[in-house]
Amino acid sequence: MPFIPNDSTCAGWDRREVIRVGGLGLLGLGLPSLTALSSESKKSLGKPASFGKAKNCIILYLSGGPAQLDTFDPKPDAPEDIRGEFKTIQTSLSGVRFSELLPNAAKWMHKSALVRTMFHDHNDHGRGSYSMFTGYQYPGSVPDVNSMSRADMPHMGSVLAKLAPGKGPMFPFAIVPHRMDVAGGRRAGQFAGALGGKYDPLLTGGNPNDNDFKLDHIPLAASLESSVMKRRLSLVDQLNAQTSQLNELAMSQAIKDNQARALDVLSSPAVKKAVDLSAISKEERERYGRNLFGQSVMLGKRLLDSGARLVQCNWQRAQGSNGFAWDTHWNNFSAHKEELVPPFDKAFHALMTDLDKSGQLDETLVVVAAEFGRSPKITRSNAGREHWPECYSVLFSGGGIKGGQVYGQSDKNAAYPAINPVTPADFTATIYHCLGIDPSGETHDQMDRPIALSKGAPIAPLVGL
Amino acid sequence: MRTMLLLAVIASPLLAADPWNVSPSSMEIRHQRHPHSLQIFGTSADGYSFELRSSTTFATADPKIATVDASGWVTPIANGSTQITITAQGQTKSVPVKVAMPVEESKTSFRHEVMPVLTKAGCNAGACHGYSLGKNGFKLSLRGQDPDPDYLAIARDAASRRVNRLFPNSSLLIAKGRGDAPHEGGIRFSKDSLADRILTSWVAQGTPEDLKDPAQVVRVRVVPETLTLQPDQKHRLQLIADYTDGTARDVTRLAIFAANNTQFANVDDEGFVKAGDSGETAIVARFERTFAATSVTVLKPVPGFKPSPVPTDHFIDKHVVEKLNRIRITPSPVTGDEEFLRRVHLDLIGVQPKPDEINAFVADKAANKREKLIDSLFERPEYVDHWSLKWGDLLQNSRNLVSAPSMYLFREHIRGAVAANTPIDEFARKLLTAKGGMTDDPASVFFAVSKDTNDTVERVTQVFCGVRMLCARCHPHPLENWTQADYFGIASFFSQVSSKQDGRYPSVGNAKIVSLNLAAGSATNPRSGKPQPPRFLGAEEPTLAPNQDRREAYAAWLTSSKNALFARGLVNRIWSYFSHRGIIDPVDDIRSTNPPINPALLDALTKDFVEHKFDVRHLMKRIVTSATYQRTCVPNDSNRLDEQNFSHSIPRRVPAEALLDSLIQATGVPENISGAPAGFRAAQLPDGTSENDFLRLFGKPQRMDACECERDNGSNMLQALNFLNGKSILSRVKNAAARPALLTRAKTTDERMVIDLYLWTIARSPNAKELKLGLDYLKEGAADRTAAVQDLMWALLNSKDFLLVH
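The listed protein sequences derive, respectively, from chains A and B. Each residue of the first sequence is one higher than the last, beginning at 1 in this note's numbering. Each residue of the second sequence is one higher than the last, beginning at 1 in this note's numbering.
The hints are simulated quantities; they were obtained by calculation from the structure and are not laboratory data. It is possible that some hints are incorrect.
[Claimed, not checked] The calculated lysine to aspartate or glutamate pairs, modelled on EDC-like cross-linking and capped at a C-alpha distance of 20 angstroms, are:
#1 K198/A to E691/B
#2 K369/B to E339/B
#3 K451/B to D237/A
#4 K234/B to D585/B
#5 K234/B to D196/B
#6 K135/B to E442/A
#7 K273/A to E339/A
#8 K198/A to D693/B
#9 K769/B to E442/A
#10 K621/B to E371/B
Given these sequences and hints, build the entire structure.
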């Protein structure tokens with residue numbers, strides 16, 4: 001029985017949709033609408049083994065936009081005002097070099113697929129992020145994107161929460177620890193948008209770097225002594241038995257099933273442990289880095305362990321000089337060197353080590369991404385790099401991704417894609433594919449209108465197509 | 001006995017004595033390629049539909065004029081008159097046929113033959129070549145909305161490779177459709193099928209173009225319009241298209257059929273319906289851009305069914321029971337006082353009754369006490385909270401969209417209207433014609449909420465007509481006849497409106513002033529690129545004086561008692577607030593292809609609402625005084641599976657705000673809700689922005705959308721976790737000022753304690769078994785009575801009783 005977050009009358013519909021989009025039931029004619037008639041009969045094409053290989057996905061989101069030249073796409077032969085200050089190092093994949101700031105990440109290149117030719121048209125954080133999370137261009141203006149609406153396209157995680165929520169108990173889609181909003185707005189793309197509020201992400205909130213951090217947002221740890229709980233539950237059963245006429249109703253059944261699931265969570269020490277960082281040893285926490293991002297990644301991994309399907313760990317604005325995070329219009333080099341890349345490098349390495357050691361890497365898709373890169377040309381007056389959506393890098397590992405390859409090649413200055421450009425729609429299509437959702441399928445909004453999941457295509461060599 | 005019963009079951013729809021009808025009763029064929037079928041059908045004495053074509057003999061009087069085949073298709077041969085003789089079940093009827101064709105057979109029509117084939121074969125569907133970017137370089141207009149570019153795409157583009165006039169079979173159009181050439185979309189039609197023959201002959205004739213042919217489909221009719229079937233029974237449908245030139249064409253073979261709910265019926269490509277489980281659905285037929293629907297009722301025979309007496313004292317009950325009698329369902333009886341009291345409290349004022357209210361009501365011996373109670377609830381302040389909340393949701397009053405002062409002023413405007421019971425037509429007119437800033441006219445916030453004119457179009461249609469126009473912004477609506485002309489026709493009524501920052505309140509962000517530019521022109525229809533004159537929804541394009549506020553014309557049309565959409569949409573919506581569904585459901589998705597489950601009921605309610613001048617309290621009182629509303633949720637053998645026809649009450653989850661307010665009332669422990677003045681009840685919260693875990697979890701809408709679906713009344717695991725293990729109940733139950741502590745301090749007897757806990761928590765007294773259970777529990781836990789009392793309240797709050805409106 002899959003965990004369906006909502007057992008209203010919609011649930012049956014969703015279940016059908018799960019099958020349909022999963023590519024298993026494309027010949028079925030179960031849709032109560034005329035529009036479905038012809039789209040339904042489309043033949044299911046053969047899927048490579050990578051389809052659905054990922055049981056879950058963790059996205060390390062470097063909000064603000066890292067400099068591709070100072071991280072994954074260094075250009076040591078470019079002129080000085082482009083290549084920047086850093087040397088390069090050999091990675092574990094022959095012929096591929098990273099910036100010297102990434103000594104640990106470099107150890108995983110043989111298991112990773114690096115895409116160096118992401119590009120899109122939006123030069124601002126809000127709309128750029130929207131593209132990455134939804135695969136769609138934001139149709140409105142820069143100020144508009146700070147107010148989410150139910151006309152927005154859904155975040156990939158919300159699509160997953162609707163179509164393939166997994167078994168739980170954790171909510172299928174979580175953002176750790178906070179959204180990236182500005183000035184009290186709620187930035188579009190980080191929500192379920194048109195799919196409706198019930199698929200909005202769970203926010204863990206708080207500061208996972210706190211010594212005694214617990215996910216107290218959700219009462220996962222039993223608040224009652226088990227003997228008291230037992231006593232009370234038995235009383236509930238006896239009371240419900242007296243109103244048997246209510247028991248056979250669909251809504252009663254849903255309530256009962258959900259109570260049973262809730263009790264499973266409460267009786268599971270694993271879940272309780274997963275979200276209680278205070279119980280973890282100092283050394284263990286140090287391995288991910290005792291900083292907001294490092295601990296967010298650690299918490300994110302543990303949320304996956306407790307049943308979430310897609311967790312996005314956001315680099316918070318507060319972490320970095322003057323609240324700019326990766327948005328290094330000023331002091332690009334000192335910030336990358338001192339505040340940004342090393343904590344990322346450490347957290348990524350710890351995450352990959354843990355997943356690899358436990359054998360989970362095969363079924364966990366790890367994605368490192370951002371809304372864009374930074375301008376090749378350095379702004380000398382501030383030692384800064386500006387927004388650059390024309391060409392930037394994302395990294396995929398595990399979860400069905402064929403590791404040990406670089407896809408796409410940027411030009412000599414990492415300014416534009418030279419070979420094999422990749423769009424955000426391709427980016428989301430790749431993630432959907434690995435998670436077992438046919439990116440060319442569709443889902444339906446709250447009013448039953450079809451939404452094409454992605455207008456791109458999975459990056460073929462990454463998924464073995 | 002068993003055999004006899006079985007025979008009776010099988011034979012009943014085909015009783016020889018049942019008279020049948022033939023449709024059409026006469027026919028005129030004006031085209032060589034327009035054969036017409038004869039539908040032989042009727043209703044048996046026991047109410048089932050039957051259709052007899054497969055057991056009918058057809059004969060033509062003059063085969064030189066028209067022939068008829070075994071399945072009743074009449075094919076024209078030469079001009080003249082003849083008649084078809086139809087013999088079925090020992091009865092004979094005849095249908096006169098007139099054939100009046102042009103001398104020369106016209107070439108295959110792109111408009112009237114090729115386009116329907118492309119649609120029927122699914123070529124122009126959204127997932128195929130109708131996709132905005134086309135597929136594999138071949139793009140067709142979505143669902144055939146635009147024949148002109150489609151003609152070019154097929155006959156001219158791709159260096160005309162899609163058609164091969166010398167070797168039609170080599171045309172990509174045909175080879176891919178048949179599957180002779182690789183086609184990602186699979187095989188769409190087989191060789192020598194009707195579709196194949198039409199496409200092949202059109203190509204062979206040199207792809208003739210008739211885009212300017214003035215003949216257009218006026219409407220399609222499906223015969224018959226209603227079906228009553230036994231499970232698994234089959235029935236064929238016939239679809240007739242009426243054209244502007246007066247011809248009627250049988251388009252059954254070129255139409256698309258689909259069932260709204262395949263649990264109850266399925267339909268195949270040829271229009272054969274097969275009944276499924278007992279229940280009701282509609283079969284929707286579509287030809288070109290027009291729709292028609294057949295309502296299908298699937299019904300098991302009920303031997304010995306006794307119809308219930310049809311009530312005469314309440315028209316709701318009359319129409320509901322009439323329908324139930326037709327579908328052999330006996331309704332459940334009216335529920336007891338306590339259950340009724342809690343239900344009507346939750347539904348009318350959004351909170352449970354208190355113990356003294358319960359006791360007083362139960363003790364009242366007056367025959368009309370339910371009606372008296374209902375009248376008194378309309379006077380309660382909670383009534384204003386509850387319904388202002390509802391309208392605040394629908395009108396999207398939110399700080400996310402307007403300034404906080406605007407939001408509060410608009411809230412007061414709504415509250416004033418609810419408190420004064422302003423007729424809903426007046427309320428709507430006020431909103432739709434408001435202008436100025438929030439302090440000039442708080443109703444103007446209605447427009448301030450809209451992002452743009454399109455948003456206004458979608459809000460005014462969805463909220464006040466229950467119609468979803470969103471689809472028609474970019475292309476013809478897939479399930480209704482709305483086009484962009486309809487959408488932008490409404491936009492043109494609102495294109496004079498603009499809202500910008502109110503200069504008088506420069507420091508209040510998002511305080512807007514709504515102004516009118518009377519000289520502003522109509523909205524532009526993006527499809528034609530031309531101004532679209534104002535057009536009422538599904539109605540005419542009125543002649544309006546220049547420089548008048550066009551919104552006034554729209555508001556007057558909208559709220560006119562002659563406009564079926566307004567009153568009917570609102571009646572249906574308000575009905576749904578007292579039931580588990582609308583008479584049309586979803587309530588804000590009204591279209592011809594989503595027919596009402598009980599049309600007579602909806603019509604009668606609408607008529608009553610209009611006659612009572614859009615008085616919402618009158619309508620609500622009509623509903624809650626009906627036996628239909630007051631029925632128990634306990635089903636009987638005949639209505640156990642019925643969830644559509646209001647034969648018993650179907651419990652719903654208590655909505656977020658009512659749940660929290662009832663929880664607070666039960667325990668006596670308030671909730672601190674950030675973002676609202678202290679002491680506000682959940683129902684009084686001004687908008688959806690308050691960060692409150694409980695309300696969010698239980699689906700309080702954030703007012704991001706005018707759709708009822710913004711509110712989630714479902715159940716999920718996190719809700720259960722919150723109830724079982726969260727602070728909202730645990731800490732309330734053990735709070736020193738809470739009900740358990742208060743009742744314990746009052747040193748009552750155990751019996752009084754159990755009864756009081758029941759009354760406060762689930763608003764009814766325990767029955768004898770429940771009382772004993774409670775007493776035993778308290779006795780067992782006597783050593784720690786405080787704990788035992790807390791246990792009992794906790795358990796009652798976690799029982800299904802508390803979560804459900806039943």
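Status of the hints after comparison with the structure:
1. K198/A to E691/B: With Cα atoms ~15 angstroms apart, K198/A and E691/B stay inside 20 angstroms; holds.
2. K369/B to E339/B: holds (14 angstroms)
3. K451/B to D237/A: violated (50 angstroms)
4. K234/B to D585/B: violated (26 angstroms)
5. K234/B to D196/B: violated (27 angstroms)
6. K135/B to E442/A: holds (16 angstroms)
7. K273/A to E339/A: violated (30 angstroms)
8. K198/A to D693/B: The given pair, whose Cα atoms are some 13 angstroms apart, holds under the 20 angstroms limit.
9. K769/B to E442/A: Cα-Cα ~52 angstroms, so violated.
10. K621/B to E371/B: holds (8 angstroms)
Violation of the numbered hints given earlier is confined to hints 3, 4, 5, 7 and 9; the remaining hints are satisfied by the structure.
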